[in-house]
Amino acid sequence: MTIKPVPSDVIQSLVSYRPAFGKNVSKSLIRLSANENGIGCSPHVREAIQNNEVDLYRYPAQQDEGLIHAIASRFRLHPAQILTGNGSDELIYLLCTAFLNPGDEAIHTQYGFLVFPQAIKIAGGVPIIAPDDDYTVSVDSIIATLTPKTKLVFLANPNNPTGSMISESEISRLIELLPKSVVLVLDWAYSEYVTKGLSDAAKLVESSTNIVMLRTFSKLFGIAALRLGWGYFPPEIYAVLQSIRAPFSVNQLAALAGKVSMEDRAFQEESVAHNQFWMTEIVNRFNEMGVKTLKGQANFMLLDFRDKNGPSASHIESRLLEHNIQLRNMTPYGLPDMLRMSIGTSNEMEEFTSCLKHIILQ
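Numbering (numbering that gives the first Met the number 0), first residue to last: 0 to 361.
By construction, these hints were calculated from the structure, which means they are not laboratory data.
Beta carbons are placed, not taken as given, at the ideal position from N, Cα and C, and that holds for glycine.
Hints may be right or wrong, so weigh each one.
Here are the in silico distance ranges between beta carbons for each label pair [stated by the list, open to error]:
1. K26 with I359: 25 to 31 Å
2. I142 with I38: 35 to 41 Å
3. R172 with K294: 20 to 26 Å
The calculated PhoX-like cross-link candidates involving lysine-lysine, where the alpha carbons are at most 20 Å apart (straight line), are [to be verified]:
4. K120 with K148
5. K294 with K356
6. K307 with K356
7. K195 with K294
8. K179 with K148
9. K291 with K356
10. K202 with K179
11. K307 with K291
Please model the entire structure based on the sequences and the hints provided.
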C-alpha cells in the first residue's frame, strides 16, 4: 500500500474555478468571455511601465502610498481604510478566513460570482444560496436565508453574470434588516459602468461597522493581467484583514499601473462611452436576429437560448469557436441555456455580430 499526503475533506470536495478561457489562448482569438475592458488599458499605463526602472530585487511596499492616495483622491475616501489586494479575489478569501469558523454560514446569491462559494468552503464555512427573483438579487430571499450561524453576506451589484442591479432603496432595506453582527460584502466590481441608481457604497461603509466595499482594476481600468483590487473597510475590519494578509501580495508594477490608470479620467470616460454605445447597439442587432438577451448594467450581457425551437447555447458556442470567437459558457453558473458576452473592440463586435447572424440564419 502506498502512503501519500491527503488533502482535507473540504479541499477534496471543491470544484476548481475554471476561467472562461483555456490554458493556451491564441492572440487571434476574439475573446468576449471574461468581462475585460474591450479597448484595453490607458496608454499612460503602458508608458509608465516601459519607462519606470523598477528594482526587481526589492520587495514591494505592503501598501503603496501612491496607489492609496490615487484611490482616496479619486473617490474622496479615507486612505487609512483602503486595503489593496492581489485582485479583489484575495480580499474575498481574507474576509472568509477572518470571519468564518468551521460550520458558520455565508450567504451568496443564486447566480453570483463563483469565487464566493469557493472561498467560503475553503475557510470551513457553509455556502447558503439566496434564490434570485427573475435573475435579479432578492433582498427578501437574502433575509429569509439568515440564521444564527450567518456571518457573511456577499452581494454583487451589478451582479455577474446576470448584469442585474438592485436599487438604492433595496440596499438600504437590506442593511436595515441585517443583523449588525453579519458582515455585508458589497462587491462593486462593475460600478464604474453604472451611470445612475447605484448606492454610494463608500458612504455606507463609513456609516457602519459591518459593511465593506470591494472594487477592482480588472474591468474598467483594464489591467486584469496585473491582478489588483482594493477594498474600503470600517477601521476594525481593516485591522483584522491587515493582520492576516500576505505581506507583499501587490507587486510594484501593479501598484504603478493602478495609480496611473486611476488618474487617467479621460480613458475611463472613453471606456464608459464605448461600452454604452455597444451595449445599446448590440441589443438592436440581436433583436433583428431574434436573439433574446438579459441586458445588464455592466460591460456584458447574457444571451438567452432557452427557446427550444431555436438553436441551443452549446450549438452557438461551438459554432462561434469554429470562427475563433469565444463567449462564456454559463453551465457552471446553473444557466446552461445561456451564454455571456463581453463588450470587445468595435472591430470584434462587428465580426461577432456578423458571424452570429450567419450561424442563426443557416
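Check your understanding: For the pair supplied as a hint, K195 and K294, is the alpha-carbon distance within the 20 Å limit?
Key -> Distance of about 16 Å is within 20 Å: holds.
Check your understanding: Can the restraint linking K307 and K291 be considered satisfied, given a maximum Cα separation of 20 Å?
Key -> The given pair, whose Cα atoms are some 13 Å apart, holds under the 20 Å limit.
Exercise for review: Go ahead and decide if the range 25 to 31 Å is satisfied by the Cβ distance of K26 to I359.
Suggested key: Given about 28 Å between the Cβ atoms, the range holds.
**Study point:** Proposed proximity, K356 with K294 (alpha carbon, max 20 Å)
**Key:** 19 Å, holds
**Study point:** 35 to 41 Å as the expected CB spacing between I38 and I142, which holds or is violated
**Key:** 40 Å, holds
Review point. Is the straight-line distance between the alpha-carbon of K179 and that of K148 20 Å or less?
Key: 13 Å, holds
Practice item. Would you check the hint for K307 and K356, treating anything up to 20 Å between C-alpha atoms as holding? Key: Holds. K307 to K356 sits at ~18 Å (cutoff 20 Å).
Review point. Quick one, are K202 and K179 close enough, alpha carbons at most 20 Å?
Key: Distance of about 16 Å is within 20 Å: holds.
Exercise for review: Assess, step by step, whether the Cα of K120 is no farther than 20 Å from the Cα of K148, and give holds or violated.
Suggested key: Holds, at about 15 Å.
Exercise for review: Below or equal to 20 Å on CA atoms is what counts here, so check K291 against K356.
Suggested key: 13 Å, holds
Check your understanding: Cβ-Cβ distance between R172 and K294: within 20 to 26 Å?
Key -> The hint (20 to 26 Å, Cβ to Cβ) holds, given that R172 and K294 are roughly 24 Å apart.
Checked against the numbered hints listed earlier, the structure breaks none of them; every hint is satisfied.
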